[in-house]
Amino acid sequence: MKAPDFAYLRPNTLEEAVAALGRFGDDARILAGGQTLMALQNFRMASAEILFDINWIPGLSDIHEEPDCLVIGSLVRYAGLEASSLIERDAPLLSEAVGHIAHPAVRNRGTIGGSLALGDPAAEMPACMLALNAEMVLCDANGERRVPADEFFLGLYETTLRPDEILTAVRIPKARPSQCYAFDEVARRRGDFALAGLAIAGKAEGSALHSVRLAYFGVADRPVLAVSAMAMLEGQSLTAELIDRVREAAIGELDPPDDPATPAAYRRHLGGVLVARLLGQLRERLL
Amino acid sequence: MTEPSKTVQMALRVNRESVEATVPVRRNLVDFLRDDLGLTGSHVGCEHGVCGACTVVVDGAIMRGCLMLAVQADGCEIETIEGADQSGRLAALQAAFHRRNALQCGFCTPAMLLTAAALLEQNSKPSRDEIRDYLSGNFCRCTGYQEIVDAVAEVAGADT
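As you go down the protein sequences, you meet chains L and G in turn.
Letter by letter, the first sequence follows residues 634 to 920 in the numbering used here.
Letter by letter, the second sequence follows residues 191 to 350 in the numbering used here.
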């Protein structure tokens, strides 16, 4: 189908954009890469009065580094993440994850900010932000605020982003040499949404793990941390026995929804498979 | 542009020719190419980004023509299957598709060719798995993909 009728607004600067969002925010939806929004519009599952195209705003498409963090502009395309040597060096979890997103033609257009602002519970980037302790930078006419990933994702397609705000960047703590990470997902078809996925990031000192975050996606109404499984890993070295216990704990604390195509028990099972598989990979790397 | 509008005047290049047009903002890029410019080689399948039949090249990168508004191509360089064909850059792939019987109805073929060409530009020697992975966003309802992968693999091998 074709999208329902709408008007189109194309601000040329961030100042223009936040001023206009203040006026039209409730009727407007921000159009970034459009790889989800345009599909929803064409399906008529979304019907924004005004599409607010931020692609012309300069400065949102850069990746730059600060002493302790990478600042990724919200308009950076997935293909830009894939190609970036800064990302590969300082946020290798993202390099690993991005190839799982849809298909090359979609990755050439879709943006990291679009994925985060949409808050799809089965998407890869929100879970990576949660695993990496990233901060979202949100701008309105009065300035910016930073929201940690832990507080940003509220529910199904729901975030703390207000209608008069634009997500302009994410700030990701740089990976130290001691960072360990892993990523995988299970989907029915290549490039399809994950039935369940897992992003892991933490620190390894020798073989001992610290501050490991297990961020699941596709198993709840938002990306979620498996906190009791995480606690079991603190200060520990990975053994087959520990991995098995962590798997049991993760299965125990995941509470995925039941739907006709995918029973909750199956998603919970996948959650266990993924954590055992990825911790097994980490164990091999740390040997 | 600080006021919302329903039509936009734009200027772009399509297949190395300058084009100026005033388009309704609702019009998808692929519909603009087909209906306004008569370039019907880009096909409209699912209209929600899944089938890949609408693939066009925007500023050198393959994209979904159904998930981009025509107005968003303002200032861009667009190449469709017609332009890619005329340039000759697809000739080896086209010959291999022909030789291998890698199409039946042909609906997916323009997008398959543009996508396969994008893969070979990045990776001149992809494995069969890499070919399947890269083409996973392009649906074919006739061939079962085997011959398409064969054709792309043949061209990749011919580079040696």
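In case anyone wonders, no lab produced these hints; they're calculated from the structure.
There may be inaccurate statements among the hints.
[Unchecked claim] Once the Cα atoms are required to be at most 25 Å apart in a straight line, the calculated SDA-like pairs of lysine to any residue come out as: (1) K807(L) x A774(L); (2) K196(G) x E648(L); (3) K635(L) x G235(G).
We went through each hint and held it up to the structure:
1. K807(L) x A774(L): Violated. K807(L) to A774(L) sits at ~29 Å, over the 25 Å cutoff.
2. K196(G) x E648(L): 23 Å, holds
3. K635(L) x G235(G): Holds. K635(L) to G235(G) sits at ~12 Å (cutoff 25 Å).
The structure does not agree with numbered hint 1 stated previously, though it agrees with all others.
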